[in-house]
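Hey, can you work out the whole structure from these sequences and the hints?
Each chain is listed here by its residues.
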Amino acid sequence: MNTNMKIGATLFCYGTEYARYEYDFEECVKQAALAGATGYEIVGTQMLPSYPNVSDEFLGLVTRLKETYGIGPVSYGANNDRGMRHDRDLSDDEMLADTIIDLKTANALGCKVMRAQYMLSPSAFERLAPYAELYDVHVGIEIHNPETPTSPKMMEYLAVIEKTGSKYLGFIPDFGCFSIAPNKPQWMKALQAGVKEEHLQMAADMRYAGVDIEEARAKLTEANAHPAINGVLQGMYGFVQFKSKEQLPALLEGMKRIMPYCFEMHCKFHYLDENCVEASIPYPEIIAAIKETSFDGYLICEYEDELYCGGTEFTKRQIKQLETLLSE
Amino acid sequence: MAFAMRMQLNEEIIKKDSFKDMYINNKRNGFSFDVQLGYYRGHYLSDIDLLEVYIDGEKVDQEAVTFAYRNKELPVYKLKYAITEFWSQVEPATIHVIKKGGLAKGNHKIELKLMLRVPYMNIGPGHMYMPLDSGDVLDVRVEE
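One line per chain: the protein sequences are A and B, in this order.
Sequential numbering from 1 applies to the first sequence in the numbering used here.
Sequential numbering from 1 applies to the second sequence in the numbering used here.
Please keep in mind that the hints were generated in silico from the structure rather than gathered at the bench.
Some hints could be false.
[Stated by the list, open to error] Below, in silico cross-link-like pairs of lysine to aspartate or glutamate (DMTMM-like), each with a Cα-Cα straight-line distance of 20 angstroms or less:
1. B/Lys80 <-> A/Glu292
2. A/Lys104 <-> B/Glu85
3. B/Lys80 <-> A/Glu94
4. B/Lys16 <-> B/Asp34
Note that the coordinates shown come from a computational prediction; the quantities given were computed from them, not determined experimentally.
Next up, the structure:
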């Protein structure tokens, strides 16, 4: 049984506290260490004061915090802002040039892994390989819900990875893509807004059954559902969509297929109860599947704060859950 | 308005305590206030699709509004070309508004319309990105 995985956290977990000036960068690192992370991911656009570059002053801070709290950056979260120009998308040449700047920043921070997004096209990704090798940074395309390890878009990247044979191009699956139940915070917020539980259940049932979103919307309107259901419905068909439990084994098999190319895992979570169980993402099954492989990288905990309540407590619970599952 | 994402992590987008009069040649002739980007990450200024200021529902002439950040003060029309100026979400920018004579005595509603593109969230064919609404409204009382 594979027990070589390491547990880390992205400082994005503390995004709400950071935006409210309750935590500065140092406090985010300290909280990640207190929660039990042995390394952290930094999202450049969120926490680098001189983004997209990194200053000597900031590198000094990172070093000092590592001495103080015992943890440093292991992964750099890059954003691929293809739509940053007002008039047109960036070209592949421009996207590649910007991503090389990201490699320089990741390298300066000492990160061996960098998260990239699928706005970077497969052909630009292919051209990145020699630069990634020079900087010794492994670049993984994030597989984020609604994408899955076997969705057509991800297969295009797989083709490039296999074609180049580069050890520096790969994937970073985000476990949100294995959701098998509705997003709990969105459900809770809808109830608070006055949506009836029976209507939420009706929406979820239609989603499980594969009903088209417009048809689902019409049926909910017909049933006199509160208009606030529309936001939840959008999520159910968008970035927090879910599959049925019966589909899970095939999804996990898909992940195992690309596992040789996975540099890191993003352990997404939205809500964990006091028993440290995630409400919609089946962690026991996911971790069991990874244990059957030789993956020895970081499991990076990633809290998405839909409740705007801050990530401090939930991150502790998520790390506890992973520690428990890894030790079983 | 069509759907736009809103992610107000911090209660204040316009920082209430930052509102102050602007003086031109020692006379009150406008005001300024600080704005924090309402999102989890920063943006290039070129992601700003719309920036307008309204006083009691009336739009201020665009040339009288500027956006100041890290020692640069830009007229609004230049924001879309600012592809190298990155606005950190924890460093507020300052909006300067020229208004001859300043605000009259009494209560006023200052509205900032601020729309951005989320430049990695492609929502359709071509150059279509998720709109982000980072606008805010501030009630101001002028005593004299």
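Results for each hint:
{"no.": "1", "hint": "B/Lys80 <-> A/Glu292", "result": "violated (50 angstroms)"}
{"no.": "2", "hint": "A/Lys104 <-> B/Glu85", "result": "holds (19 angstroms)"}
{"no.": "3", "hint": "B/Lys80 <-> A/Glu94", "result": "holds (17 angstroms)"}
{"no.": "4", "hint": "B/Lys16 <-> B/Asp34", "result": "holds (8 angstroms)"}
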